[in-house]
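Chemist: Residue-level listing of the chains:
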Amino acid sequence: MPPKTNAVAPRAAEHDSARRIYITLAAIIGGVVSVYFLLVPVFKLNLAFHFYLMLWITMASAFNVASGFSGYMPFGYVAFYGVGAFTTAVLVQKLHFPVLVALPFSGIAGVVLGLLFAPTLRLSGIYFAIVSLALAGICRLIITNMPEEITGGSFGLHLGSRAEPVLSFYVMMLVMLLALGTFLWLSRSRLGKALRAVRDDAEAADMMGVNVVRVRLYGWLIAAFFPALCGGIEAWYTNVVDTETAFNTLTTAKTVIYAVAGGLGTVTGPIFGAFTMVWLDELIWRQFPRVNLLILGVATILVVLFLPRGIVGTLLRRRPQWRRYIP
Amino acid sequence: MGNLILNGLINGLIVGGVYALIGLSLTLLYGVLRIVNFAHGEFVIGGSFLAYVLFNSLGIPPLLALPIAAITFFAAGWLVYYVLIPRLAHSDDPEIMSFLMMYGLSIALAAVMLLIFEADSRSIDYAFTPISMKVGPIYVSTARIVAFGVTLAISAALAWFLYRTLPGKALRATIMNREAIQIVGVDVDKLSAFAFALATGLAGVTGVLIALVFPAFNAFSGAEYSIIGFIVVVLGGLGNPIGALIAGIIYGLAEQLATVFLPQALAQIVGFAILVGTILIRPTGILGWRVQR
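The listed protein sequences correspond, in order, to chains V and C. Residue numbering for the first sequence is 1 to 327, as defined by the numbering used here. Residue numbering for the second sequence is 1 to 293, as defined by the numbering used here.
Because the hints were derived from the structure by calculation, they are not lab data. It cannot be assumed that every hint is accurate.
Claimed, not checked - Derived DEER-like restraints, expressed as beta-carbon distance ranges:
no.	chain 1	residue 1	chain 2	residue 2	range
1	V	N248	C	L4	30 to 38 Å
2	V	N211	C	L6	35 to 43 Å
3	V	R290	C	V188	39 to 47 Å
4	V	R122	C	N177	25 to 33 Å
5	V	N248	C	K190	33 to 41 Å
6	V	E149	C	A156	48 to 56 Å
7	C	L6	V	N248	34 to 42 Å
8	V	I23	C	K190	51 to 59 Å
Said to hold, decoys possible - Now the stretches of chain C that chain V is said to cover, found in silico as 3 or more residues with beta-carbon under 8 Å:
no.	stretch
9	79-92
10	102-116
11	223-230
12	273-283
Every residue, glycine too, gets a C-beta built ideally from N, C-alpha and C.
Taking the hints into account, I'd like the entire structure generated from these sequences.
Modeler: Have a look at this one:
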């Protein structure tokens, strides 16, 4: 926004310099992370670990758009992921689409599902959470009970010999960068500000001329698009989909807890959260595979009790002046 | 066909009674603490496993396991309350954060039961004599009839407690207006701990009944019962004990009759659809009575 009078010029200059630092920081961090992930297959690092790291970063960040930005807690978030996974699998396996052509349809399927669920956006708090959970259950049951020729019933679908770990790794990376770019843009955009305004006080936002219903819907559709893509890519990467894993409630649990651990409402929070927790998961899982589930549960309780604002959220509360540079 | 429907009705009533108990304890919890207890189903299944252990290693029959489960789980609930709940008040949105925390507790409890009992389905090989009774033209297993009797007794005792005794009235008053009751001099913190313990104790007892009514249970059955509990609670109106009782019976009947007419999976979808439909169309539940905030 250009300064209108001289009186606001210093503030505008300060604003501009903050913006420059912010963009430089984002570019440097984004560049370093991209180069790192680009080199993972080249140096033959642990491909699966990094693939899932990117997947969880994308999932947690997308969840954050629904929860942190918009104020909803979709406890059935796995629905988008599962439907995305099955869209890619069915298109590839039954209609013989090339995988890269099928993947965008997963995203579209997520958006369509988001539109179907849109009437629930008028609910709030606990009601929304429970309804979302039930809708995910319905999605799972419908897909499980579809004719076996389409979705493979309870056995699931095998994608055959189409696995290309390295290529799917790079596609996942592309999707992650696209997602993070979108969320960075969103956090500074008109839409993002409108979303936060609606989250904090829908009536006041309405009075200010924000189209509450439309803003909520846009945020919701963005949050629905990316997990569906993740589901599709994961189906491609693992080469198999079945309803038990594609609609596993633990997927929702992990997404939520990674996002909360990092800090809802900030762009960097879910990234940090996913990064930290996936690392911990990897370290712990290797040691004690039997108690993995127990640790996830206990970690959830501990995060809610001791870190309800997440890593980044707590940091920003201590150092509010950093808010300018940390999105 | 007529017998099938009668069978569905009687079993629906029995199963519905169990669901009503689950809903009743959940709704008490929500009413008093504003917590939707995701881990409730795990407490319930915990009760089933307790009955299983008592019977298999000590030879204690399920009916005697009822009071043991009640006391054990009441104490456990009291403990869980003081460890977990007071800290929740620090977060920005306690209602949603408590839901998330209970989700974590549910995962943790299921994991513990999985570690102890493995993933196999368990059942209690306890048989009443005679093994089944004739109700009209059909046979119903004695275990189910006994379970129904216990359900009736517990519901009556709870109704008496909630509507005729001072602590019960205080609980109901807390559901209606949490602020006002503090002015009258009720220690809401203690009362909340009591409500949590009572609900958990009820869950444990319900678990023993489930071991009698249903053929089997395993470490992961808990989530199923939590969802059924949510359906019943929402149908009856959040925080409404009478509504939960009626809704539990209605849902049990609907579920059992649905399995007569519909394939199993479709019947499950009906349950979820009832939940979503009720919240979207009539969020105050069938009785249309809403908790005041």
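Chemist: Each of the hints needs a verdict: does it hold here or not?
Modeler: To see whether the hints hold, each was checked on the structure:
1. N248/V with L4/C: 30 to 38 Å: At 36 Å between Cβs, range holds.
2. N211/V with L6/C: 35 to 43 Å: violated, 55 Å
3. R290/V with V188/C: 39 to 47 Å: holds, 41 Å
4. R122/V with N177/C: 25 to 33 Å: holds, 26 Å
5. N248/V with K190/C: 33 to 41 Å: holds, 40 Å
6. E149/V with A156/C: 48 to 56 Å: About 53 Å separates the Cβ atoms of E149/V and A156/C, which means 48 to 56 Å holds.
7. L6/C with N248/V: 34 to 42 Å: holds, 39 Å
8. I23/V with K190/C: 51 to 59 Å: holds, 55 Å
9. 79-92: holds (count 6)
10. 102-116: holds (count 12)
11. 223-230: Coverage by chain V holds here, the residue count being 3 at a Cβ distance below 8 Å.
12. 273-283: Per the Cβ count (6), the hint holds.
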